[in-house]
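For the protein sequence lines, the chains are A and B, in the order given. Under my numbering, the residues of the first sequence are numbered 1 to 112, in order. Under my numbering, the residues of the second sequence are numbered 1 to 113, in order.
By construction, these hints were calculated from the structure, which means they are not laboratory data. Since this is a predicted model, take the numbers as computed values, not measurements. C-beta atoms are modelled at their ideal positions from N, C-alpha and C, and glycine is treated no differently. Take these hints with a grain of salt, some might be off.
Said to hold, decoys possible - Calculated cross-link-like contacts (lysine to any residue; reagent style SDA-like; alpha-carbon spacing at most 25 Å):
hint	chain 1	residue 1	chain 2	residue 2
1	B	K57	A	P8
2	A	K45	B	K15
3	A	K104	B	Y103
4	B	K11	B	G28
5	A	K99	B	V89
6	A	K104	B	R38
7	A	K42	B	S73
8	B	K15	B	G59
As the list claims (entries may be wrong) - Partial list, computed: chain A residues near chain B (C-beta under 8 Å):
hint	residue
9	D7
10	R59
11	R66
12	N91
13	Y98
14	G105
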Amino acid sequence: RKEVEQDPGPFNVPEGATVAFNCTYSNSASQSFFWYRQDCRKEPKLLMSVYSSGNEDGRFTAQLNRASQYISLLIRDSKLSDSATYLCVVNRGGGSNYKLTFGKGTLLTVNP
Amino acid sequence: GAGVSQSPSNKVTEKGKDVELRCDPISGHTALYWYRQRLGQGLEFLIYFQGNSAPDKSGLPSDRFSAERTGESVSTLTIQRTQQEDSAVYLCASSPYYQETQYFGPGTRLLVL
Numbered sequence: 001r002k003e004v005e006q007d008p009g010p011f012n013v014p015e016g017a018t019v020a021f022n023c024t025y026s027n028s029a030s031q032s033f034f035w036y037r038q039d040c041r042k043e044p045k046l047l048m049s050v051y052s053s054g055n056e057d058g059r060f061t062a063q064l065n066r067a068s069q070y071i072s073l074l075i076r077d078s079k080l081s082d083s084a085t086y087l088c089v090v091n092r093g094g095g096s097n098y099k100l101t102f103g104k105g106t107l108l109t110v111n112p
Numbered sequence: 001g002a003g004v005s006q007s008p009s010n011k012v013t014e015k016g017k018d019v020e021l022r023c024d025p026i027s028g029h030t031a032l033y034w035y036r037q038r039l040g041q042g043l044e045f046l047i048y049f050q051g052n053s054a055p056d057k058s059g060l061p062s063d064r065f066s067a068e069r070t071g072e073s074v075s076t077l078t079i080q081r082t083q084q085e086d087s088a089v090y091l092c093a094s095s096p097y098y099q100e101t102q103y104f105g106p107g108t109r110l111l112v113l
């Protein structure tokens, strides 16, 4: 099983749609979880951290299920500017908290 | 404030040549990371520096790869005797002391012919 696995997509959705991305991770020692976004030919940027209780930031909601080792990101009311690759990121834990493992990303295209 | 900067932004080299990539972290950030991102792939961890501690080099793919950092300033990633499989985007990131959020530079796109 890969350390961090994501559906590569692409997801093509119309503006205003709700879209959900899923991610699974294999390292049960992982303690911190993030979603980054990466625009085409740009560097990754932190979108949001993911907390055990779930958290929301505007149109974005992240959920964590430690028992299933599963993370999700929900985007409501999609905008054209949401088009990007969404990277699921997990820390290694176990004394290597500074090491982050990046998924390959899920490509989202929001169409007018 | 200024973000992470990297130079050059693009580098084309011939197989067998050495290349040097530079990263300027955000001022005051003690941690610095190098990653490699091949086309269509995820980020691969290469090396981690934290202040004056010994770096974690566990991600370097071969002894042709090395990196240096003096204190909490500039870092240089050197690839000796480049191979075509070294072609990738090399990303540098920095973070404040023992915080996990990483701030990335724009990357250096390396093409080995």
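Evaluation of the provided hints:
Between B/K57 and A/P8 the alpha-carbon distance is near 29 Å, which puts this suggested pair outside the 25 Å criterion. Straight-line distance between C-alpha atoms of A/K45 and B/K15 comes to about 32 Å, which puts the hinted pair past the 25 Å bound. For the suggested pair A/K104 and B/Y103, the alpha carbons sit about 18 Å apart, so the restraint of at most 25 Å is met. Of the supplied pair hints, the one linking B/K11 and B/G28 is violated, its CA atoms being roughly 28 Å apart against a limit of 25 Å.
Under the criterion of a C-alpha separation no larger than 25 Å, the hint pairing A/K99 with B/V89 is consistent with the structure, at around 19 Å. Annotation: proposed proximity of A/K104 to B/R38 holds, straight-line Cα distance about 10 Å (limit 25 Å). Straight-line distance between C-alpha atoms of A/K42 and B/S73 comes to about 23 Å, which keeps the hinted pair within the 25 Å bound. Distance restraint check for B/K15 and B/G59: the Cα-Cα separation of roughly 22 Å lies within the 25 Å cut-off, and the hinted pair is therefore satisfied.
Nearest Cβ of chain B to the Cβ of A/D7: about 13 Å, over the 8 Å cut. The hint is violated. For A/R59, the shortest C-beta to C-beta distance to chain B is roughly 21 Å, which exceeds 8 Å, and the interface hint is violated. For A/R66, the shortest C-beta to C-beta distance to chain B is roughly 17 Å, which exceeds 8 Å, and the interface hint is violated. The beta carbon of A/N91 is positioned within 8 Å of a beta carbon in chain B (closest approach about 6 Å), and the interface hint is therefore held.
For A/Y98, the interface hint holds, the least distance from its beta-carbon to any beta-carbon of chain B being 6 Å, beneath 8 Å. The restraint placing A/G105 at the interface with chain B holds, with a minimum CB-CB distance near 7 Å, inside the 8 Å limit.
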